[in-house]
Amino acid sequence: MRGNDDEKLDALFGAYRAACGNPDASANFMPNLWARIESRQSFTFSFRRMANAFATAAVALSLLLGIYMAVPNLTNQTVANQSYVEALAEASTPDPQAFVDPVTLELADRTTR
Amino acid sequence: MLVDFGLITRAQKGDAAAFNEIVTAYRKRILGTITRLIARPEDVEDVAQEVFLRLYFSLDQLRKEEVFEPWLYRLTVNAAYDYLRKQRRRQEYRMSDLSEQQVMLADAMAGGKAEQDDQHHKKVREAVDSLLGSVSEADRILLMLKEVEGLSLKELEKVYNVNENALKVRLFRARQRVLKAFGSAEKKEGAG
Chain A
27 MRGNDDEKLD ALFGAYRAAC GNPDASANFM PNLWARIESR QSFTFSFRRM
77 ANAFATAAVA LSLLLGIYMA VPNLTNQTVA NQSYVEALAE ASTPDPQAFV
127 DPVTLELADR TTR
Chain B
1422 MLVDFGLITR AQKGDAAAFN EIVTAYRKRI LGTITRLIAR PEDVEDVAQE
1472 VFLRLYFSLD QLRKEEVFEP WLYRLTVNAA YDYLRKQRRR QEYRMSDLSE
1522 QQVMLADAMA GGKAEQDDQH HKKVREAVDS LLGSVSEADR ILLMLKEVEG
1572 LSLKELEKVY NVNENALKVR LFRARQRVLK AFGSAEKKEG AG
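One line per chain: the protein sequences are A and B, in this order. Positions 27 to 139 (the numbering used here) are the ones given, in order, by the first sequence. Positions 1422 to 1613 (the numbering used here) are the ones given, in order, by the second sequence.
It is possible that part of the hints are untrue.
To be verified - Using 25 angstroms as the maximum straight-line C-alpha spacing, the simulated DSS-like pairs for lysine-lysine come out as follows: (1) B:Lys1544 - A:Lys34; (2) B:Lys1507 - B:Lys1434; (3) B:Lys1485 - B:Lys1575; (4) B:Lys1485 - A:Lys34; (5) A:Lys34 - B:Lys1434; (6) B:Lys1567 - A:Lys34; (7) B:Lys1601 - A:Lys34.
Claimed, not checked - What the simulated footprint calls covered on chain B by chain A, stretch by stretch (three residues with Cβ under 8 angstroms from a Cβ of chain A suffice, anywhere in the stretch; the number is not a length): (8) 1485-1494; (9) 1536-1550; (10) 1593-1607.
By construction, these hints were calculated from the structure, which means they are not laboratory data. Even glycine gets a Cβ: it sits at the ideal position worked out from N, Cα and C.
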């Protein structure tokens, strides 16, 4: 339920509305507004231009980096074409003689004794 | 609505004349609202220009006609908040400035009935400003929009992006605080 104070407060707000009114803008309002809009636009434009330049530089750098990374791969292509097992086998091939030679027993000395 | 949606559509396409028309239609109302929200007449135009600047750069986001005015109010409230926040940071709110304004107001007053009216208006403004000074900034702005600017709950819903019930609760609490301050001010006046 609304009390007496509520009504008084409503009346006060109403009087306040009437007392304040809406002030008029000065003659410079519109020119100043457009000056601010244009200054913000030029800032946005230069920011966009800077962002474009940065993006272009980033793409160029990525390409250069890509080329740089690709060059060592081309020179070591033979190594790259081998599988891990093949490369390992090639690096540590044991002497084939060690397995192929027959075992020789020196029995001659014993029989002559 | 003070302008038709066709004008807004033209402004969205970059028509400067259409944008000028929108500003001309709304600037008085926006200036009035900002005057009541920030209480520093010398900065009102600056804040109003900031509102229209934000409007200019965000106009292309507007899709529905009916949200234009609440949206403009939201921009106004946000610009006022930003201004008040900056002011608080700078701690420039000095009583000497206020009295300077009051002197200027008094100087501008004409004689006779006009002077009496001005005195009365001044008293009312001071009373309400002092009452609303006793609540938080958020409550003050909300009450100002509802009670002085006359925005409906539906419009406030769009301005604040909250549902009606939450808004009613906030309004009720803010009003209760002002009523409390109002009651104690009346008691003081009665005793004095």
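Right, here's what the structure says about each hint:
Restraint check for lysine 1544 of chain B and lysine 34 of chain A: the C-alpha separation of about 15 angstroms stays at or below 25 angstroms, so the hint holds. Between lysine 1507 of chain B and lysine 1434 of chain B, the direct Cα distance comes to roughly 33 angstroms. Violation of the 25 angstroms bound is thereby established for this hinted pair. Simply put, lysine 1485 of chain B and lysine 1575 of chain B have alpha-carbon atoms about 15 angstroms apart, close enough for the 25 angstroms limit, and the pair holds. For the hint linking lysine 1485 of chain B to lysine 34 of chain A, the alpha-carbon distance of about 39 angstroms lies beyond 25 angstroms, and the restraint is violated.
For the hint linking lysine 34 of chain A to lysine 1434 of chain B, the alpha-carbon distance of about 48 angstroms lies beyond 25 angstroms, and the restraint is violated. A hinted pair counts as satisfied when its Cα atoms are at most 25 angstroms apart, and lysine 1567 of chain B with lysine 34 of chain A qualifies at roughly 16 angstroms. This hinted pair checks out: lysine 1601 of chain B and lysine 34 of chain A have alpha carbons roughly 13 angstroms apart, not beyond 25 angstroms. A count of 0 residues in the stretch 1485-1494 of chain B with a Cβ less than 8 angstroms from any Cβ of chain A is obtained; the coverage claim is therefore unmet, three being the minimum.
Against chain A, the stretch 1536-1550 of chain B contributes 7 residues with a C-beta closer than 8 angstroms to a partner C-beta. That satisfies the three-residue criterion, and the hint holds. Counting residues of the stretch 1593-1607 of chain B whose C-beta sits closer than 8 angstroms to any C-beta of chain A gives 6, which meets the bar of three, so the coverage hint holds.
This entry does not satisfy hints 2, 4, 5, 8, going by the numbered hints stated previously.
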